[in-house]
Structures are given as C-alpha cells and as structure tokens.
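Enquirer: Those protein sequence lines, which keep their order, are chains A and B.
Under my numbering, the first residue of the first sequence is numbered 5, with each subsequent residue one higher.
Under my numbering, the first residue of the second sequence is numbered 5, with each subsequent residue one higher.
Among these hints, one or two may not hold up.
Where chains are identical, the list cannot tell them apart; a pair therefore holds if satisfied intra-copy or between any two copies.
[To be verified] Calculated pairs, SDA-like style, for lysine to any residue (alpha carbon to alpha carbon, straight line, at most 25 angstroms): (1) Lys59 <-> Met113; (2) Lys135 <-> Ser180; (3) Lys156 <-> Gly177; (4) Lys59 <-> Glu134; (5) Lys135 <-> Leu75; (6) Lys59 <-> Ala91; (7) Lys136 <-> Val49; (8) Lys156 <-> Asp58.
For the record, the hints were derived by calculation from the structure and aren't laboratory data.
Computed from a predicted structure; not experimentally measured.
2 protein chains.
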Amino acid sequence: MARTTGSHAEQTGPRIRAAALTLFARHGFAAVSMRQIAAEVGVQVGALYNYTPDKQSLLFELMRSHLEGLLEACVVPTNLAPQDQLAWFTRFHIRYHHARPEEVFIAYMELRNLAPDNFARIEALRGCYEKKLEDIIVSGCSTGAFNTRDTKIATLAVIAMLTGITTWFRPGGRLSLEDIQSQYVQMVQRLFVPDPRP
Amino acid sequence: MARTTGSHAEQTGPRIRAAALTLFARHGFAAVSMRQIAAEVGVQVGALYNYTPDKQSLLFELMRSHLEGLLEACVVPTNLAPQDQLAWFTRFHIRYHHARPEEVFIAYMELRNLAPDNFARIEALRGCYEKKLEDIIVSGCSTGAFNTRDTKIATLAVIAMLTGITTWFRPGGRLSLEDIQSQYVQMVQRLFVPDPRP
DNA sequence: CATTGTTTTGAACGAATGTTCAGTTAATTA
DNA sequence: TAATTAACTGAACATTCGTTCAAAACAATG
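Based on the provided sequences and hints, a complete structural model is requested.
Expert: This is the structure:
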C-alpha cells in the first residue's frame, strides 16, 4: 500500500502542525518523536518530511507563526490615555493567550530547543511584543500619569504576571475570564500609581 | 580497569546530582542522556545506577530537595506588620531564587517530565510555598492594610511576577540585585494599596 | 483510458537511548 | 599480608531515534 484515499497536501500540512502543537505542548519537544506525530495524523513517518525539512523547523515554525499572529493582533489604540492603553493591553494579552494555551506554552518553554539562529529570530519577535507594552509605560511616565522606577523592569514584571495566568487558569473554574481580566487590569494599573505622600 | 583511584561514594553522589542539575537546566531533562551526565562526572554510565534507581528519580530528587530547601529557608517573621512581611517575602524570594538559577529553572520547566506520583508530591510542596505568601496577603486584608479582590489570584500574580525575574536577570547587568529587590518591593506593595477615593 | 505528477508507504540506515550485570580494581578490615 | 567489601568498568541488551528513498498508489489531466 502507499498513497491512501483522500490524501491532500492542503489537509496534511496543517494537521501535522496541529499534532505537533498538541504533542509538544503536552510532553515537550525533546520527548516527542516524529513517529508519534505521524501516528497522531494517521500517516507514516516518512510523509512528514514532505512538509518540514526536519523536526527543528517544525518547532520553529510553530513559535514563529504564534508570535507573528500575536504581533499582528496587538494594535494598541493610541488615541486612548495611557491608563486605558494599559488596560487594553492587559485585556488583550489575557484574552489572546487564553485562546491559545498550547502555542503559549511552547513559545515559553521550548526556547532551549531552538537552534541559535532560530532562537535569535524568536527572541526578536518577543522583544517587539514587549516593546509595545514598554511604549505604553514610557508614554504614561512622560505625561505624569504613571510612576515607576525603571520602565524596562516594570515591563518585564507585567508580562511575567500576565503570562503566569496560563499556568493555572482552567475554564470552568472559580472565576470567569472576565473576572480575571478586570482583576488584572486593577493590579496592573496599581503598579504605576505614585505612592501617596503623607 | 574498574574502580579508579580516589573514588568515594560520598563524592560521586553529589557530583552526579550537580552534573544532572547543570545539564538538565541547560538542555532539558529529555534532551540529556545518562551518558552525558556520566561523562560530566568522569565516570561510566553504569556507575550512575549505584546512586539513583533511574533517570526519573534523579530529576525528582533535584526538584524535591530544592523545594524543601526553599520551604525550610522561608520562615516569615510574624512579628512584622503585613506590609513588612510582604516586603520581607519579596526580598527573600528574589535572593533565594537568584542564588539557585539552575534549580529554579528545572523546578518550573520540567514538571511535565515527572511521573504522576512525583508530580503530585512536587505540586504539594509548591503549594506550601504559595500558602506562605497567601497567608501574608490574607492577614493584611483582614487588618485593612491591604486591599485586593481575590487573595488567591493576587498570590499567583505576585509569584509569577517574582519568578519571572530569573528568566532575564544576569549578574553584572545594568541593575544590582539590591536595585531589583527594592523596585520589586515597591511594585508588590503597590498591588495591595487601595485605590484612591476621589 | 492512458499518462503525468503528487502523495504516501514501508523498509532501511546508523546512531543513540535507558538499563543491567558479570567481572575487575581500589580501599578497608582483620 | 590476606580476605572482604565497596566502587566502578566495559560490554551488552532490546528499543527507539531522526532521516532517507525507491517503489507503490492515488488524483488530475488530456
């Protein structure tokens, strides 16, 4: 036997990436074999190599497309005041990441398994995303709406805080996604409120 | 050849754990072979099995000892006011984790590779640590010193924010460890300051 | 229906994996 | 010094790994 009924490249390609996404997220890149991915798709190992030059590229492509989608979707409304831009970013981040738990997990956990060139490209994309938040913070500081000692650290603190949500949030839990968004908006905004002068 | 000059169990055991720690942190559990660990120690593969029943136990032991050390060291001074307890915890967390980057990295990245029983034990230990912080937050809320919508979420937000430091902080950088501690103390405390009523 | 081009199979490659163990050597004890 | 114990070697085990490729089977075209 060889080519099976109803085989199409347009279907197999995405299905391979979907299977890799799920398996990498669940077990980790290094712990997943090409044969497991093929089995998930319902295909033999060799067929995978019509769609990716190697395993490493499969991982890189998943990360790249996730981060480029993130950057494309994250268009900060510059007409808003800094406080509202910050609230918008917070809500955007939580919603976007919550809808893609597997992509997020991989993008933050499998950096080690990228070849140096690929690593640099992914880091650059992540840097672009962080810059969008930092720009909001910087502009808030320049108008006096925000107060913080170091905008770079504040940026990283906010990102870490928001990204941490994906490690514990499960749908159907105690709190709705809206509850979480509004509480995080409050917490993030508080980070930049000047201390009261007694 | 067999037993080499100067071979002692008291030395080899710790050296194996140290090598595993470094290699797991650098390349990930699944990507490191027992032969690599043995080579790092300067020993043959078989010798490792005098010190660990298998590779999985090696990982578990690293995580367990890290978290138990963390719990043992984290004794919150209950005589302080909640604000000061929170500041103490923030400084403690940053300092303790900064001194052990490899342990921290493994404890947060390799949970997937734990067998179910081991995973449950590690999660329980981590829960104990988070509880120490939550107790501070709860006590602050009960005295009115703190304000927050949900203590559980606030706890996880603070932990995520603090733990995120290890992903970017490198010694010799722009900021000293003391700078970082004091800025994070400020940010964490701000998280619990009630919003101004106009 | 015959031909062409695409997609998949199935088997194979060498290398690497975790683990076991009989045998060998160094250190310790008597 | 001789006997015993502890530590390690070196080789082997059966699997599994990522990757390659000729051959086979299907879909599309004329």
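Enquirer: If a hint holds in the structure, say so; if it doesn't, say that too.
Expert: Structure-based check of each hint:
no. : hint              : result
1   : Lys59 <-> Met113  : both (16 angstroms within a copy, 21 angstroms between copies)
2   : Lys135 <-> Ser180 : between (29 angstroms within a copy, 23 angstroms between copies)
3   : Lys156 <-> Gly177 : between (33 angstroms within a copy, 13 angstroms between copies)
4   : Lys59 <-> Glu134  : neither (28 angstroms within a copy, 37 angstroms between copies)
5   : Lys135 <-> Leu75  : within (11 angstroms within a copy, 36 angstroms between copies)
6   : Lys59 <-> Ala91   : neither (39 angstroms within a copy, 46 angstroms between copies)
7   : Lys136 <-> Val49  : neither (41 angstroms within a copy, 49 angstroms between copies)
8   : Lys156 <-> Asp58  : neither (37 angstroms within a copy, 43 angstroms between copies)
When each numbered hint is compared with the structure, violations occur for hints 4, 6, 7 and 8.
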